[in-house]
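Based on the sequences and whatever the hints tell you, model everything.
2 protein chains.
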Amino acid sequence: MRHLLLVAHGSRREASNEEVRQLAARLKTLAGARYADVSAAFLELVEPGIPAAIQCCVERGAREVVVLPYFLSQGRHVAADIPAQVQPKQAEHPQVCITIAPYLGAAEEGIAALLLELAQ
Amino acid sequence: MRHLLLVAHGSRREASNEEVRQLAARLKTLAGARYADVSAAFLELVEPGIPAAIQCCVERGAREVVVLPYFLSQGRHVAADIPAQVQPKQAEHPQVCITIAPYLGAAEEGIAALLLELAQ
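Sequence lines, in order, name chains A and B.
Per numbering that gives the first Met the number 0, the very first residue in the first sequence carries number 0; after that it's consecutive.
Per numbering that gives the first Met the number 0, the very first residue in the second sequence carries number 0; after that it's consecutive.
Be a bit skeptical, because a hint or two may be false.
Intra- or inter-copy, both count: the list cannot distinguish identical chains.
Unchecked claim - With a straight-line Cα cutoff of 25 Å, these simulated DMTMM-like cross-link-like pairs (lysine to aspartate or glutamate) come out: (1) LYS27 / GLU46; (2) LYS88 / GLU108; (3) LYS27 / GLU108; (4) LYS27 / GLU17; (5) LYS88 / GLU107; (6) LYS27 / GLU107; (7) LYS88 / GLU46; (8) LYS27 / GLU58.
Simulated from the structure, these hints should not be mistaken for lab results.
What follows is the structure, encoded as structure tokens:
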């Protein structure tokens, strides 16, 4: 029972947050049976935050939670802030395996190929 | 003679700006003969800004400049701030065709596929 949590920064512009929720819905469709659920969480400004979203996964029976940072650069948010919000939930639920996947910008070749398509 | 300008927000964290410059270099390699040059520019905080980078393309002989926003969401920066910096340069150089390509987050299916790979 594996859950995927797409984590974005969170924006004061609600349409941007909605783009993230729609992306999570698209991931859920694309992933098929790979994840019992896919949902969105936000580092700042917008609910649900990361701890609340992890808690929700656990209460719904997740044995594994994959936190997927929707960020382009390996900045403080990715390197420090997201892990700092994940670690206490891991300590609280040692029976659940919570991992943090590479951030989006780490997919260098894939991003470069997408950008060249967009530029056409 | 077409130039590609990868436009990122610009960060106080120099390593993030360097990631963008390296991505521009990767695009140049991948694009082969499609662009005479590929370079990085920044909306805020970091040089070169968008107008200076466009000016540089023009002075180096560009007849066409494709501005490619390296942004995940269709926020104010993409919808208003980048066009506002591009338009005066277009007016200044009517003989050059300056276009703004879709922002990275617009490549919805491609982004979703990349995210699922990263989550594995």
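Verification of the supplied hints:
no.: 1; hint: LYS27 / GLU46; verdict: within (20 Å within a copy, 39 Å between copies)
no.: 2; hint: LYS88 / GLU108; verdict: neither (33 Å within a copy, 31 Å between copies)
no.: 3; hint: LYS27 / GLU108; verdict: both (24 Å within a copy, 12 Å between copies)
no.: 4; hint: LYS27 / GLU17; verdict: within (15 Å within a copy, 33 Å between copies)
no.: 5; hint: LYS88 / GLU107; verdict: neither (30 Å within a copy, 31 Å between copies)
no.: 6; hint: LYS27 / GLU107; verdict: both (23 Å within a copy, 13 Å between copies)
no.: 7; hint: LYS88 / GLU46; verdict: within (17 Å within a copy, 40 Å between copies)
no.: 8; hint: LYS27 / GLU58; verdict: within (19 Å within a copy, 48 Å between copies)
Hint check: violations occur at hints 2, 5; the rest are consistent with the structure.
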